[in-house]
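Protein chains in written order, with this note's numbering: chain H, 1 to 572; chain X, 1 to 335.
Be aware that a few hints might be false.
From the structure, some residues in chain X lie toward chain H, with a derived Cβ separation under 8 Å [said to hold, decoys possible]: (1) Val149; (2) Ser153; (3) Met154; (4) Pro160; (5) Ala162; (6) Phe167; (7) Glu168; (8) Asp170; (9) Ala281; (10) Lys287; (11) Glu291; (12) Tyr294; (13) Arg296.
Calculated from the structure, these hints are not laboratory results. Built from N, CA and C at the ideal position, the CB exists for glycine as well.
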Amino acid sequence: MALLKKMLFLSYMFMLMSCHDTSEPAKVFKANKSPTVQSKNKSLKQKSVSKSTTKINNIRDNLLVYCSEASPQSFNPQLVTSGTTFDASSKPIYNRLVDFKRGTSQIEASLATHWEVSADGKEYIFYLRKGVAFHHTKYFRPSRNFNADDVLFSIFRQQDTKHPFHNISNLGYRYFRSMEFDSLITKLEKLDDHTIKFTLDHAESPFIAALAMDFASILSAEYANYLQQKGIKAKIDHLPIGTGPFQFSKYNPDAFIRYRAHPNYWQGEQRLKELVFAITPDPSLRFARLIAGECDIMAKPLPIHVKSIAQYPDIISYNESGSNIAYLSMNTRKKPFNNPNVRKAINLAINKKRLLKIVYGSSAIEAKNPIPPNMWSFNNDIPESKYSPSEAKRILTNEGFIDGFKMELWAMPVQRTYNPNARKMAELIQKDLEKIGVEVSIISYEFGTFLEKTKRGEHHAALLGWIGDNGDPDNFFSPLLSCAAMKSGGNASFWCHSSFDKLINQARRISEPKDRAKLYEEAQVIFNQQLPWVPIAHAQQFILANKRVVNFRLAPTDGIYFNDVYLLPSVN
Amino acid sequence: MFRIFIRQILNLTSSFFLLCFFTFILCDYFFPEGLSFIIPIDSFNSSETGFLSQIILYFSRFFEYLSNVLTGRLGYSISRGISISDEIIHYLPASMELAFVTLALSLTFGLWLGTIAAKCKDKWQDKLILSVTLIGYSLPIFWWAMLLVLFFSMWLGITPVASRIGFEYDIDVVTGFLLFDSLLSPRYGFDAFISVIHHMILPVIVLGTIPLAAITRVTRSSMIKTLSEDYINNAIVRGIPTLSITWKHALRNAFEPILTSLSLQISSIITGAIITESIFAWPGAGKWLLEAVYRRDFPVIHGGLLITAGIVIFIYITLDYISMWLNPKLRDRSS
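If we strip away everything but chain X, and leave its shape as in the complex, we get (with noise of 0.2 Å):
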């Protein structure tokens, strides 16, 4: 096992690397001068054409631009200027709760009605999830939104509209995560960890509709090729209880496809998390990624794109070796 997480690690260190390399071509072609607040732009300029004097060059920069990133030096905002490390260590917190809580509800709920869906196949139960995952999976997600707003926030007033937490709470941000700071300032009691939840419902509704949708999906599927298998059967002959193999037996072997699928869906979530934070007022990395397109930001766009696809390729690489070690066929493949 340790073979494999040392194989891991070089898989993702050479993953960011081609993605910083990617990112470096790109804006360099298109847009040489914006790169201008992590490369000072005098620097490396030589007068030599040669060839190879040519291809040093770049690649000087290249690793000028390299050491930067890998420093977190990704330079300063153009609209507000502050640095953007410091920016990403503000606003990202948000939106890592808003995803956590989101894929945790989403997996939970999925795997559950998944598992229902596949043992009632083709009963009303199973119709009924399969069409209701059917729409979640379809709804646009803005739309879906505003819906819920209207008919819980507006016609019924009993979710709160926008925001992390109702205003009458001043809270010390200690960690970022609202979920934990609500409880470490004392002024309120539970007051505010009850608000913070209060405003966290239909965001969580919202982005995790299409998790959901697809979890249950899959799992569906999944469970029902596991739960036609011969072992199966067996155990049901040899007197196991059903409860038993289906959540101990058939869910851990049909979890692999799962996890892959999970893997999709952290992109999903980013995405997604894009519009929910900007429907819902919600101050995460999506929406301030979005302003950022809007202004005109680049150091702040390319900062932020960098830093989301590192977390995506992180976390995919992170998922590979969970399936790795639940399934250990898959290990020994020869790279």
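Next up, chain H with everything else stripped away, as it sits in the complex (with noise of 0.2 Å):
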């Protein structure tokens, strides 16, 4: 009202101060239209001030609103293999059959209470815990709690190609394809309403820390039933019912995500009521809202936001050393990657040195290996890697390049905890590689554009990069460069060497970690020579947030959890 009486009052003026030569005198200005928006002639509820503020601070302290960095591609964590779809869906939603404790890659007990290995390491008993409820929402309440149908349902949906659910949504089920466990899960029974047995087709040592995995989450085979019933079978895809802490509320694509705190949860009822992931793609607008206030805890910050959190008290930093590598894959399939040497020379070619400083600061370590430094059975031997373009261009003119060749370096336009900056890190790359004569074309894809071509292998290099999610090396070596993922499309090299393959699997059969690290060892030999990468950096992973999120802590895995957190109740 004040600022309606300004207005009038400086338009008066205007019109006094002014300009026509008659000496008419100056009337009263009205407004003819009203700086008003559309018409809200509708009756209010009118709440007194004081009581709608102190009602808004209460929902806001126990409401935490997260920063993500992108839109889950599907609320069901068996399609795909994004971090951002594990972070909306398996983490807050679901439950596994077994859970990493928090804030460690250690296994805990969590839909099974216990569970026993045969002595041919071939069938593991799990017993399930009881009195497990599912969510009660508005598009479903569940009349059961938790048992062994549910965990047939999960593991067959995937497994079995007849099932009714297993072409719905059907991105195609990467992760349990890249785990083989379509072979490997010979038989999956039920011993009673809370046991079940697997019978694998051979002994697999990173059989459990795999069920601690995003795709092995348990869904419900209750809801699956109901949906088949009403012929909607997609929505559960997109209306998701699991047992994990949060139930899902409301989603507005590209916008956010809402969350509700599950009040029957196994482990007692969340502290934090609400919990909303608002999407906000650019890091810079990020950044923004977590100083603004708008949200608590921020996403894959930039190193540069990292750095000057110095001047703003309220915002802290966590960081953990990350599971994870980036690294340049050449597309062995393609010419002229197909020859070791030429993938060697790029190695030497590529001043790795600077490229971390300028892309990564000093958050990251460069990489020599396709497993991280902290992973056991990294093979500390293997020398680091050299910079010498001048021997890079003569392996290339041994080769038959005298005059270079071109090629096409594909780089994501979104951050992730591996690589905050691809496109930077391509225009290096270009840069160092003129050097020796070979000129690179930088092309862009959305991100899930761009992961869909690399695993169909329409690039001819690609700037990629993997997180490892069970602490077991093995989850880096088969999703990626296997032979068996060659088919499935996770080993983006299309690199499928007999002796390597053959070290790794046999790695995966046995359980005893000193002879599994001498396999690996080996296999990263093998792997230096070939070179179908060229390994890049380990980077550290940042998250900002606010002072006022307690218990909050990063696992090395990667993923955001917020069991447990909470927020202090805001100063004002």
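Please assemble the complex out of the two chains, which come individually in their own frames, going by the hints.
Structure follows, in structure tokens:
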């Protein structure tokens, strides 16, 4: 009201101090168009101002806003491999048979209370927890608690091609396939309502750790039946039902995701009543929102943001040495990358130190192997990467590329934990390779499209990365470099080396870590000779959060968990 | 007037038909496989190679395309699998809300400032308004938006950074227009509505700067011309109050070029909306289209552009009709 009056007065003054020549007395100006918005002729419930502001403050103290970096592809973690989708689906909404202890990569019991392994390592019996309630939402009311049927449904949907839900939202069950679960699990049977038995094709020591991974999340079989009867099976991936600490409430694509605390969560209801993911793809905007207090936690800060929080006393940073790798994948199916010497030359020509300094600042370490140094079986005997453009040029000349060659380099337009700025990295690599006569053209696609196309092998060379999720070296080797992964699309270099493959497959079957380590070390030697990639860096992961966030921890296996997180009341 | 109305309807339908035709020709020429989401790819394949039969085939495909477009069957998004028409219904209200508010405010302030500038021609008010509008017209939107966010949201902290409403408010979407929905939801009382307006301040300023500048300038030049007419002089001499002359008599007569400029501003608002929505994380059709381009999501790009162009045509023809209603001299044009 005061503003309106001021405006009227101002316009009156304007007219006063002007400009027409007659001595007409100035009249009071009445605005004939009031600058208000659309009609609000509704009856409103008038609440007293003080009551509503405290109410809003109360809501805000029990609501955590997390600025996430992209929209999830689905609410079903079985279908995808992207960390963004896992953060939005498997971590808050679902549980698995076993889970990682918070902040570590150690396994602890979750939906399974305990388990037995047979002597030959091929049979696993899991005893399931009783009294685990599913989510109770507007679109579904469960009538029973979690039992063995749900585990059977979750596994069979991915494994059995004739399962009624197998082809729903079929983005492919990539993780399931690249872990070779479809051939590994020969039998899964229900011994009784709370006991199940897996029979494996062969002994596989990472099997338990694999069951803690996101794709092994347990869905509700009763919900699936209900949807099937109603004929809307696809909803299982859009309106999820799980057993996890938060239940799905609302999703506004590209805008926000709302979750509510699950009141009957088997570990007890969360202190945080509501959780909101504010989807903000632009990192500077995310940072601005964090500073302004709109978000409490910010995903994937740029190195410059991490550095600048010194001037904001309310913001603290969490960091953890990441279990990840950023690499340049060379498609060995396309010339000239089918030639290992050419690949070696590319490795020699790239100045990794400079690249790391410019793209990561000081928040990453140089990579020479496919696994990070904090992973057991890391082979430190492998020599550090050499930077020698002259040697690279010599090799290229020997191989017949006197004038170099042309190549395409694909870089993703989004930040990932392992690579905050793939395009900048591509530009630096372009400069380096120019010196040895290789002409690079940089191509970009939206992240989802980028992943799809690289999985189909449409690229020449691409900047990719990987985040390990279970603390087992097999989690790097198998999905990225095995011959099986070449068929399922995780092996972006389409590199299938028989001795390498034999070593990593053997390491999967035995359970003694010392013996497995020896095999992995040998495998890394072969990798270093063949170099289907240029391993670039292992990045530290950072998250920025408001001081009010309590109990938040980063796991080395990446991913954001909101279990047991809560907010301190705001001071105003 | 009824005859004119019919004529405008015919204009509308023929323009839309031509739009579809050109879109179809372009898509078919450059990317025929891409149209498989609207025209099933194996239909209308004939081995006849005669010229006439080719033409008939081409037009059969076009009419299949047209019928699908007109009934709203625009295909499914590649990246999300949701039907395009559903996505449009979801995203369009947010953009329309922003566009309406922006247009209303920039029209209001534009008329007001332009009139002042016209009345005070060559005086300091005029010069000030002219220079400020020139700056406003030349500002790149993304830079201006970031500047405002930096100053008002981060430094002063008086406006929010992004989104349509604060996250404390869990509003059920009824109409898609948060200004209405926030009032329909009784849980938060007036607070949610205040939050919506609060969140709209910066995007409206950013989006409305260029239309405001343009409307101000057009108003100014049009009013200057009108105010120099004889009948205005006559009215002043006869003692009609100045304010009445300015606002009732002169502006009404000066309104025609302003209306023309307004229809041009619609396009400017639509392009501006794409950038503004991306910067302020406003979940509207502009942001949706932009991300579809990133994702190479062809059905979305096609559907979005068709709908946007259709809306522009509709608004243009409506404004044309309004200007004909206001100025009878325009009506009897031999068509």
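Evaluated hints:
The interface hint given for Val149/X holds, since its Cβ lies 6 Å from the closest Cβ of chain H, which is under the 8 Å cut-off. Below 8 Å, beta-carbon pairs count as interface contacts, and Ser153/X has one with chain H at about 5 Å; its hint therefore holds. For Met154/X, the suggested interface contact is upheld, since its CB lies about 6 Å from the closest CB of chain H, less than 8 Å. Among the interface hints, the one on Pro160/X holds; its C-beta lies about 6 Å from the nearest C-beta in chain H, closer than the 8 Å criterion.
Using the Cβ-Cβ criterion of 8 Å, the hint placing Ala162/X at the interface with chain H is satisfied: the shortest such distance is roughly 6 Å. Hint status for Phe167/X relative to chain H: holds, with the closest Cβ pair at about 5 Å, below 8 Å. For the restraint placing Glu168/X at the interface with chain H, the shortest Cβ-Cβ distance is roughly 5 Å, inside the 8 Å limit, so the hint holds. With its C-beta approaching chain H no nearer than about 6 Å, Asp170/X sits inside the 8 Å limit, and its interface hint holds.
For Ala281/X, the shortest C-beta to C-beta distance to chain H is roughly 5 Å, which falls under 8 Å, so the interface hint holds. Hint status for Lys287/X: holds, given a least beta-carbon distance of 7 Å to chain H, under 8 Å. For Glu291/X, the interface hint holds, since its Cβ comes within 8 Å of a Cβ in chain H; the closest pair sits about 7 Å apart. Residue-level restraint check for Tyr294/X holds (minimum Cβ-Cβ distance to chain H is 4 Å; threshold 8 Å).
Residue-level restraint check for Arg296/X holds (minimum Cβ-Cβ distance to chain H is 5 Å; threshold 8 Å).
In this structure, none of the earlier numbered hints is contradicted; all agree with it.
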